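Participant: Below are the chains, spelled out letter by letter.
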Amino acid sequence: MSDLVGTAGTVPESEETMLGLREMELNFGPQHPSTHGVLRIVLKVDGERIVSARPDIGYLHRGTEKLFETETYPMIIPHTDRLDYVAAATNNHAYVLAVEKLLALEIPRRAQYIRVVLDEMQRVSSHLLWLATAAIDLGAITPFFYTFREREVILDLFEDYCGARLTLNCMRVGGLQEDLTPGWLEKLRAFTEDLGSKIDEYEDLLTENRIWKMRTIGVGILNTERCIEWGVTGPPLRAAGFKWDVRRALPYECYSELDFEIPVGKNADTYDRYLVRIAELRQSRRILLQCCDWLAANPTGDIRGKVPRVIKPPAGDVYASVESPKGELGFYLVANGGNKPYRLRVRPPSFINLQALPEMARGHMVSDLVAIIGTIDIVLGEVDR
Amino acid sequence: MEISESLMTYVLIPAVKAVVVVILVATAAGVMTYIERRLLAFLQVRKGPNRVGPEGILQFVADVVKLLTKEDVVPAKAQHFVHFLAPVLVMVPGLAVFAVLPWGPEFTMRIPGLGKITTAWYAADLNVALLLLLAISSVGIYGIILGGWASNSKYALLGGLRSAAQLISYEVPMGFAIVSAILMARSLSLVEIVEAQRTHHMWFILPGLVSFFLYFVSGVAETNRIPFDLPEAESELVAGFHTEYSGFRWAIFFLTEYANMITISAVATALFFGGWLRPFPNVAALGFLDVIPGVIWYVLKVACFLFVYIWFRGTFPRYRFDQLMALGWKTLIPISLVNLVVVALAALGGWRGLRILGAVLWIAAVGAVLIVTRLNAARKPRATPLIPAPVGAQKAEA
Chain U
1 MSDLVGTAGT VPESEETMLG LREMELNFGP QHPSTHGVLR IVLKVDGERI
51 VSARPDIGYL HRGTEKLFET ETYPMIIPHT DRLDYVAAAT NNHAYVLAVE
101 KLLALEIPRR AQYIRVVLDE MQRVSSHLLW LATAAIDLGA ITPFFYTFRE
151 REVILDLFED YCGARLTLNC MRVGGLQEDL TPGWLEKLRA FTEDLGSKID
201 EYEDLLTENR IWKMRTIGVG ILNTERCIEW GVTGPPLRAA GFKWDVRRAL
251 PYECYSELDF EIPVGKNADT YDRYLVRIAE LRQSRRILLQ CCDWLAANPT
301 GDIRGKVPRV IKPPAGDVYA SVESPKGELG FYLVANGGNK PYRLRVRPPS
351 FINLQALPEM ARGHMVSDLV AIIGTIDIVL GEVDR
Chain A
1 MEISESLMTY VLIPAVKAVV VVILVATAAG VMTYIERRLL AFLQVRKGPN
51 RVGPEGILQF VADVVKLLTK EDVVPAKAQH FVHFLAPVLV MVPGLAVFAV
101 LPWGPEFTMR IPGLGKITTA WYAADLNVAL LLLLAISSVG IYGIILGGWA
151 SNSKYALLGG LRSAAQLISY EVPMGFAIVS AILMARSLSL VEIVEAQRTH
201 HMWFILPGLV SFFLYFVSGV AETNRIPFDL PEAESELVAG FHTEYSGFRW
251 AIFFLTEYAN MITISAVATA LFFGGWLRPF PNVAALGFLD VIPGVIWYVL
301 KVACFLFVYI WFRGTFPRYR FDQLMALGWK TLIPISLVNL VVVALAALGG
351 WRGLRILGAV LWIAAVGAVL IVTRLNAARK PRATPLIPAP VGAQKAEA
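Protein chains in written order, with our numbering: chain U, 1 to 385; chain A, 1 to 398.
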C-alpha cells in the first residue's frame, strides 16, 4: 500500500523525494476503455501529471508481414484487410498499387473511379468512427450514436457492393472484381448529399462547445518540425500546418482530375486535428459527388486491366503509398520473380504516428492522454500487424 | 388496544414514514435509471431498454435481481473492512437526507381503527433541516474516498482523490447558495422556506436566480454527473472509485448516485421553485390548479430537474480535473460570495428589496440572452472554413 499513498507533490526531476516517495507508475491498458484496442502505456505520473508515457505495443502482433511471404500475390489482399480494420479499402488499394507498379499495369478509368469512391467512403467511415470514439473519450457520448448512424449506411453500401462490411477484400491486382450493382450509385449519391447536414450536426455538438474547446485546445501539440522528424503523416501533420497529402503530392488513380482541397491547421493541437478531420469529411463528400457524376456519365466500361492469369511480377523492388484515413500508408514490395513476394513491408501510419505519443503527452494530465490517444487515431491492427 | 397519542406521534408514524421513504427512494432511484436510459436513447437516435415488461419498464428490476445474484468480488490485498464499509457510508447519508425533504403540506386522513391522523408529506420538519442536509450529505464523501482507497487499485485511488477534492470544493459555493435562500426565507427549515415563498408572493427563483444557478451547477458536481463526473470518468479511470466493486455493492454506489440526484433536485425545488406550491400561489385566478395536489407539483418540478441532468449527460463532454477546480475556486466561489452579499442587502429591505433584486436580475438575464443570441446570429453560418496554411508551410506543394 505504501507505494499508493501520498503520490501528490512529488518532484518530477528526482526519483526520490524527502519522504522517500516516488512517482506512481500506472499501467494504462492493455485492457482499458480508452486505448482503442490492446495498447498498453506505461505511465509515470506525479499526482495526475504525466512525467513519462511509454507505449508498449505488440499485443495484437500476428506476424502479418511474414505471412505475406507465404502467400501468392492475390491471396495477400484479404490479409491487408486486417491491418487497419476500419479502413480495409485503402489497405487493399495501397497493396494492389504496389503490385501494379511492379507489373506496370494500366488500370481502366472506370475501375480508377470506383476505387476512389471506395477509398473516400472508407475515409468517411473511418473519420466517423474516429469522431465517435474521440468524443466519447472526452465524455461526450451522443456524437457516437450520430456518427454510427451514418457509418451504418456506408457499411450497408459496402455490403451491397462486395458482400462484406468491414474486411472488404474489394480490390484486385489490375482493377476490381465486381462492377457496381444496379441502383448502388443512386443510394450513394443520396447518402452523400445528406452527409453535409449530418456533419453540421456533429459540429453543432462539438465545434463551439466550451468544454470541448477547453479539453482540446493546446493539448498534445506536435509542431511541423517534430512531425517531420517523427515521420508523422495524415491529419496530425496537416493540423501542424504542413500541406502534405499523398493524393495531391504523389497522385494515384484519378485524384489529379478531381477538385478538392487539403485542409490544414496551424496550432498542431488536438482541436486543430479535430477541425482538420471534420474538414476532410467535407472534402471527401466533394470527391464522392464528383465521382458519382463521372460514374453516372460513364455507366459502362472495363473494371479490370490486362492482368496475366498468374501474377508473377519481375524481380525488383517498389514502394507505393496511398493517403489512408490515418496518414500515408505504404507498401514496400521486394519481388524475386516468383509468384510470392520475397518481402512485403508495410509502412503503417498508425504505428509511426503513435511514436510521437510520449512527446505529445509529457507534462499533460492523465485526462489529456486520453484525448491525445484519441486524436492520433490509431488502430492496433495496423500498429502491431 | 388504545395507543397513546405520544407513542403515535413520536414512534409509530415516524417509523412508518421512514420505511415508506426508504422503499420509495430506492424504487425511485431504480426507476430513474430506466428513465435515464430511455431518455438518453431518445436523444441518441436509438431505442433503449424496451424488452423487459411493457416498454422495458421492468428493466431495472431485472438489473437489480442480476446484481443481487452476482458474485461479490473483493480484490486481493484490499482493506476488507473499509471496502465493505464504503458503500454503506455512501448509502446511509444518501437515504437519510430524505427525512427532511418536504414533498407536500400537512394533511389529515382517517385510518380505520386509529381515527383521524394529521400528518405531512415529510418525515420530519426540523428547524435546522438545511444544516442537517449539508452535514449528512458531506459524510457520503467519506464513502467515496474510502472506497477508492481500500480497493488496492490505482485507478480507484485516483478516482477517490479526485472526488475528495471535487466534492469538498463544490460544497463551498453550494453552501453559499443555500445560505442566500436562508436569508430570503429567514429560516433553516425547508417547510418554512416553502411557506415563506407563499407569504412573499413569489418563488425564490426570482431574487435567487444566481443562487439557483450556483446551487444547481454545484449540485451536478456533487452528484458526480457529466460534465463533472471525473471521479468515475469511464474513459480515463475505467470506473473511478468503484472500479473494484461488483455485484450489489456496486449497485449501492450506482443507486445512491441517483438518489443523490433526486435529493439535489428536491432541495432546489424547495429552495427556489416553491416546493409543493403551484405556480403563482397567491393569484386566485389560477385557483383551479389546486386540483393537482401539492405532492404532484413537487414531483413534477423535481422531474424537470432530473430531465436536465439527463439532458446534460446527452450533451456535454467532461471537464478536466484542473479545469474543474479552476471553475469551482476561481469562478463559482467568487460569484457566490458577491451574490451572498447582494442577496443579504436585498433581504434587509424585506419583500420589497427581494422583489427589486428579482426584477433587476431577470431583466439583466433576459437582456444578456437577447444580446448573445443576436451576436451568435450575426456570425457566419456554420461550416468549418479551411484554415489557411501559414506562410512557409507550402513546401510540400512545390
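I should point out that these hints are in silico values taken from the structure, not numbers from a laboratory. Treat the hints with caution; some may be incorrect.
[What the hints assert, rightly or not] Non-contacting residues of chain A with respect to chain U, defined by C-beta distances greater than 12 Å in every case (computed):
#1 K17
#2 L40
#3 A41
#4 R110
#5 T118
#6 V172
#7 Y319
[To be verified] In silico BS3-like links for lysine-lysine, alpha-carbon gap of 25 Å or less:
#8 A/K77 / U/K44
#9 A/K47 / A/K66
#10 U/K101 / U/K306
#11 U/K187 / U/K213
#12 U/K66 / U/K243
#13 A/K330 / U/K213
#14 A/K330 / U/K198
#15 U/K66 / U/K340
#16 U/K340 / U/K101
Bear in mind the structure is a predicted one, so any value in this text is a computation, not a measurement. Even for Gly, the Cβ is constructed at its ideal location relative to N, Cα and C.
Participant: What hint numbers does the structure not satisfy?
Facilitator: Of the numbered hints, 2, 3, 7, 11, 12 and 14 do not hold.
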